[in-house]
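Visitor: Listed here are the chains, written in short residue letters.
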Amino acid sequence: MTDTSTSLKRTPLHAVHVAAGAKMVPFGGWDMPVQYTSIIEEHRCVRSNVGLFDISHMGEFEVRGPGALAAVQGLTTNDASTLALGQVQYSLLCYPHGGIVDDLTLYRLADDHYMLTVNASNIDKDWAWVTEGGRGGNWTNVSEATALLAVQGPKAEGLVQRLADQDVTRVPYYHFAHGTVAGSPCLISRTGYTGEDGFELYVPAERSTALWHALMDAGKGDGIQPIGLGARDTLRLEMKFALYGNDIDDASNPLEAGLGWVVKPAKGEFMGRAAIEAMRAAGVKRKLVGFEMAERAVARHGYRMLRDGQAEGVVTSGSFSPSLERCIGMGYVRAELATVGTELDVDIRGTAHPARVAKTPFVPSHAKKT
Amino acid sequence: MANVPADLRYTKEHEWAKLEGDKARVGITAFAQEQLGDVVFVELPKVGTKVTAMKTFGVVESVKAVSDLFAPLSGEVVETNTELTKKPETVNSDPYGNGWMIVIKLANPKEFDGLMSAADYEKLTAAAGH
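Chains as they are written, first to last, in the numbering used here: chain A, 54 to 423; chain B, 5 to 134.
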């Protein structure tokens, strides 16, 4: 095997993963834990107990000043003006042609102060995009100084509650609070990428190892396990959450990706608005659907989707679902074939394997959407 | 370090072969299943299929990846492990035992001597693993 580890970036928790015996793999330019024990076991741990993820590879940008809101509004598709202090919003950066630069979560930290959390593999591209001349706002890239731990699962709330300096049960879904967890200063965000209740804890990089160990120790009785990117992927796939680079990219648009709900043309001008509105008027040609395979056959990114032997789409994500014990996936199909129940085939190594467009999320969400 | 039984022979593609008279039992190594992670599907040839040494005879799918299976030896498939259809995870838990995949009736038993010894295979995985 080729040694690429020297050129890969490391999170502040890298040594902790290696010491825990994680299998490390390159992901978006980072040397990341794909699994500690088994993807299936880690997946089930999050669905039934609680899991701890290092997602410090994600990027964080802050923008502040009197022009901050205008800058965010001009760049993102969702309406940032509706955000209250302490609230989080899922949003997109789009190109003028409507293709997706990245998906992100937007935090309103103060009146004229926002944070954008972006995908690890897109940090450099996004940074160049948001700071390009004429965008406005005073931008800071705090990615390196910021570590990010996700605590996800039905026992996450109780665990974080025991270690926090405040009542985190009062932080609603897609909201955050400033406080401490196990003595470390954190932005405590009720968000996640698993479909379970839980938190994402933004913590200064130098405190991340202490926080990791405190959570692992305090969570012993809950059956806590460290969770790698492998289970993060199967967990998000069961929820049909898009992964940038797999399901969405610069060649896909928000409408066909089922993300029209975060595009708010009524808010005024923003990057990509005219193109997306034109697409909406014309109607989308293809749609991102979830599908279930009839048999144990794993559809992978890039495989063709067929109907009566004709190519009608492409798989963007696919795996074995540990919850359903069936093979599931996501893919773009011609809009007419996107109805739940439509029978299709996936071309797996030259053989057509039957699949059916499924209702999504594949597994009910347990996020606290009160 | 992964376990490498001394009485088996190996390929550089991480299959093992065990001589049983004029036949050989075949599976993947502990190192291979560790690299793959959770196995969720094994696609094996039908009994009667002719296989050729170092050509693919099937496919193993894990949660993360798909990987070809290479026949260590040439011959005819006389038995396949149908239990793996129901319990593919046996490849992870018992790669050298109940996780076996096929039995080949050897076309040329001399090919067996050309396979890697346990010691050589151990060297290969030590180099690849770290």
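These are calculated hints, taken from the structure and not from any lab test.
All C-beta atoms in this analysis are idealised placements derived from N, C-alpha and C, irrespective of residue type, glycine included.
Any given hint could turn out to be false.
Listed next, with one range per pair, are the computed distances between beta-carbon atoms [unchecked claim]:
hint	chain 1	residue 1	chain 2	residue 2	range
1	A	Thr222	B	Ala69	38 to 44 Å
2	B	Lys91	A	Ser101	33 to 39 Å
3	B	Ser97	A	Gly403	44 to 50 Å
4	A	His419	B	Lys91	37 to 43 Å
5	A	Glu259	B	Met58	47 to 53 Å
6	A	Gly276	B	Lys114	39 to 45 Å
7	A	Thr135	B	Val70	50 to 56 Å
8	A	His419	B	Lys50	31 to 37 Å
9	B	Gly25	A	Glu378	46 to 52 Å
DSS-like cross-link-like pairs, simulated, lysine-lysine; straight-line CA separation at most 27 Å [said to hold, decoys possible]:
hint	chain 1	residue 1	chain 2	residue 2
10	B	Lys109	A	Lys76
11	A	Lys273	A	Lys421
12	B	Lys54	A	Lys76
13	B	Lys127	B	Lys54
14	B	Lys50	A	Lys76
Visitor: May I ask you to test the hint 50 to 56 Å on the CB atoms belonging to A/Thr135 and B/Val70?
Guide: With a Cβ separation near 44 Å, A/Thr135 and B/Val70 fall outside 50 to 56 Å, so the hint is violated.
Visitor: Does the Cβ pair B/Gly25, A/Glu378 satisfy 46 to 52 Å?
Guide: 38 Å, violated
Visitor: Starting from the range 33 to 39 Å, see whether the pair B/Lys91 and A/Ser101 falls in it by beta-carbon distance.
Guide: With a Cβ separation near 22 Å, B/Lys91 and A/Ser101 fall outside 33 to 39 Å, so the hint is violated.
Visitor: Could you check the hint for me, namely that A/His419 and B/Lys50 are 31 to 37 Å apart, CB to CB?
Guide: 44 Å, violated
Visitor: Would you check the hint for B/Lys50 and A/Lys76, treating anything up to 27 Å between C-alpha atoms as holding?
Guide: Not OK: B/Lys50 and A/Lys76 at ~34 Å, beyond 27 Å, violated.
Visitor: Check the hint pairing B/Lys54 with A/Lys76 against an upper bound of 27 Å on the C-alpha distance.
Guide: 37 Å, violated
Visitor: Do A/Glu259 and B/Met58 keep their Cβ atoms within the hinted range of 47 to 53 Å?
Guide: 52 Å, holds
Visitor: Is 39 to 45 Å a correct range for the gap between the Cβ atoms of A/Gly276 and B/Lys114?
Guide: 54 Å, violated
Visitor: With 38 to 44 Å as the target window, see if A/Thr222 and B/Ala69 comply at their CB atoms.
Guide: 40 Å, holds
Visitor: Taking the Cβ atom of A/His419 and the Cβ atom of B/Lys91, is their distance within the range 37 to 43 Å?
Guide: 29 Å, violated
Visitor: Just to be careful, I want the Cα atoms of A/Lys273 and A/Lys421 compared with a cutoff of 27 Å; is the pair within it?
Guide: 23 Å, holds
Visitor: Can you confirm whether the C-alpha distance between B/Lys109 and A/Lys76 stays at or below 27 Å?
Guide: 37 Å, violated
In this structure, the earlier hints numbered 2, 3, 4, 6, 7, 8, 9, 10, 12, 13 and 14 are contradicted, and the remaining ones agree with it.
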